[in-house]
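A.B. asks: Letter by letter, the chains look like this.
Protein chains: 2
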Amino acid sequence: MFNNILIIGCGLIGSSILKGSFDKKISKKIYVHEKSKKNISFIKKTNKKIKLLSKLDRNVSDMDLIIICTHMSQYSSIIKKLQKFITSKNIITDTGSTKRNIINIINKNNKIKDIFIPSHPIAGSEVSGPKYGNKDLFKNKWCIILNNGNKKKIKKIEIFWKKLGSKIIFMNAIEHDKIFSITSHLPHLIAYNLVKTATDFQRKNKKKIIKYSAGGLRDFSRTAASNEIMWRDIFFSNKDNIINSINIFIENLNNFKNLIKKENNKNILKILKDTKKVRRQIIELKQDISKPNFGRDIF
Amino acid sequence: MFNNILIIGCGLIGSSILKGSFDKKISKKIYVHEKSKKNISFIKKTNKKIKLLSKLDRNVSDMDLIIICTHMSQYSSIIKKLQKFITSKNIITDTGSTKRNIINIINKNNKIKDIFIPSHPIAGSEVSGPKYGNKDLFKNKWCIILNNGNKKKIKKIEIFWKKLGSKIIFMNAIEHDKIFSITSHLPHLIAYNLVKTATDFQRKNKKKIIKYSAGGLRDFSRTAASNEIMWRDIFFSNKDNIINSINIFIENLNNFKNLIKKENNKNILKILKDTKKVRRQIIELKQDISKPNFGRDIF
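As you go down the protein sequences, you meet chains C and W in turn. First residue of the first sequence: 1, per the numbering used here; consecutive thereafter. First residue of the second sequence: 1001, per the numbering used here; consecutive thereafter.
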């Protein structure tokens, strides 16, 4: 499909693209640009055929596809370096979790604007780093591609993600950031704050309560163990939507609190039953499996 | 250990006690009292040796141990029936998720008070019914036993749960209800309300967003699929602690929202890093395993 691709940032996502690209023979040569020495030595050990690009220099102009997989707070400085060498023949994409911020960066730069097709694979985990890279990470997962830009280049990005196993959806950046503020950013933010609430309680009451976390807290703590730089970047770059989501959620919580106060049997049961239906939808939509969780196979 | 035990209510918890008791030869005979015809026919098929007790009649006086495993809203009517026939030789325990309400019921009744030793195994799942019953459900899980009542009877309840594989902690009802309002009740309540927030958004914006739930919402939806009667009973019976927990959580959310608004890098990163440490504690305390979640083995 390509002669040369360049992966910038080789953590969980970058290394999974690397492995998937080798596996699906997406490119004759695969280059990696990565700052962390630890990550480099790990990638070199496990992928003998990769080529390291220590600097983003004139070599980038030979890259048919450049995939930015770093934290979003590094995008500006990366694009600054890239713009010196890229031409209209290159294609750039990324894997960032918010998209209006990327569009803002791109739109400031006419050279970049025509060749940058932002994307967002809905895949990942609470763990980070190339150690966990998996060639099948994107298999059967949604990948959002922004639907503005050069049509031929969009088509190539579509084929690229499809080869890695993804199902494609086209959206604009505004729609994307609104949807994921609810389905992804709010859940993570809540998980972080729930764990914080538990540790605050522990400190204040001098009681060890974390050991009783199997009753529910445990599952939230997994989400709250996700990479802090990645999530800080998301929270800051999708600020307005996230603040709006928090407000709606707090309104729901206050309503629920009042229903409990009044022991409003009918309305509480309606909410609890309705959410159960959503679970069935999520399983039907293949976003999860129906196998029950009794404590993640501890016994 | 016993000649006769009686399990009242044979859903997920009751049927797991049934299977574990057979497996560990805890009693010569095991009786079951269960209202649901569907559950009865399932239990009969899979456990040939059980004896059904269609009514809570004079036979209950022969039961060395009676374990109430129904929804908590049924306790009052069950105890009303039991008190006619029980004597000081019987022992009663239960598996309810809140404990002050049980103590209140018991304390109104001198005959019951002396023989009822409440307990709470921290085990379960989002699924219900005897179909999911598992002899190892309680293995390596905490079981809370209330530390007031007849010492000999408390000892027997302790041995009973240990035989089923549980680790024992003694507490009083006030302490119990406070701790679990944070580690279990608040997480469930939040999961229900997060899913509700997502469906409200979907309806209001006429956008199908549930299909993008792999980014975080998915894991909460599992918790929000738990049995609605069980959770209504918990929310109502631990009302004051839960309302308090909601208020603390909302305060944390509002603080977090302001940190995002101001892009307070330092304080946000501190919160995100601290919660990561809690995750490590939870794994060290064997409340979860460290295996990463990439979407519950969908691929």
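These aren't lab readings, by the way, just hints derived from the structure by calculation. Do not rely on the hints blindly, as some may be mistaken.
Which residues of chain W face chain C? A partial, calculated answer using Cβ under 8 Å [to be verified]:
#, residue
1, Y1031
2, K1035
3, Y1075
4, I1105
5, I1282
Below are the DSSO-like pairs computed for lysine-lysine, each with C-alpha atoms no more than 27 Å apart in a straight line [unchecked claim]:
#, chain 1, residue 1, chain 2, residue 2
6, W, K1207, C, K273
7, C, K207, W, K1286
8, W, K1153, C, K35
9, C, K178, W, K1257
10, C, K155, W, K1277
11, W, K1178, C, K239
12, W, K1178, C, K208
13, C, K28, C, K167
14, C, K139, W, K1108
Covered stretches of chain W, going by a simulated chain C footprint (3 or more residues, C-beta under 8 Å) [unchecked claim]:
#, segment
15, 1015-1027
16, 1049-1058
17, 1107-1115
18, 1149-1162
19, 1185-1192
20, 1219-1226
All values reported here derive from a predicted model rather than from experimental measurement. Glycine included, every Cβ here is placed at the ideal spot set by N, Cα and C.
A.B. asks: Decide, hint by hint, whether the structure agrees.
C.D. replies: Here's how the hints hold up against the structure:
no. : hint             : verdict
1   : Y1031            : violated, 26 Å
2   : K1035            : violated, 19 Å
3   : Y1075            : violated, 16 Å
4   : I1105            : violated, 17 Å
5   : I1282            : holds, 5 Å
6   : W:K1207 x C:K273 : holds, 22 Å
7   : C:K207 x W:K1286 : holds, 18 Å
8   : W:K1153 x C:K35  : violated, 64 Å
9   : C:K178 x W:K1257 : holds, 17 Å
10  : C:K155 x W:K1277 : violated, 43 Å
11  : W:K1178 x C:K239 : violated, 34 Å
12  : W:K1178 x C:K208 : holds, 12 Å
13  : C:K28 x C:K167   : holds, 24 Å
14  : C:K139 x W:K1108 : violated, 60 Å
15  : 1015-1027        : violated (count 0)
16  : 1049-1058        : violated (count 0)
17  : 1107-1115        : violated (count 0)
18  : 1149-1162        : violated (count 0)
19  : 1185-1192        : holds (count 8)
20  : 1219-1226        : holds (count 7)
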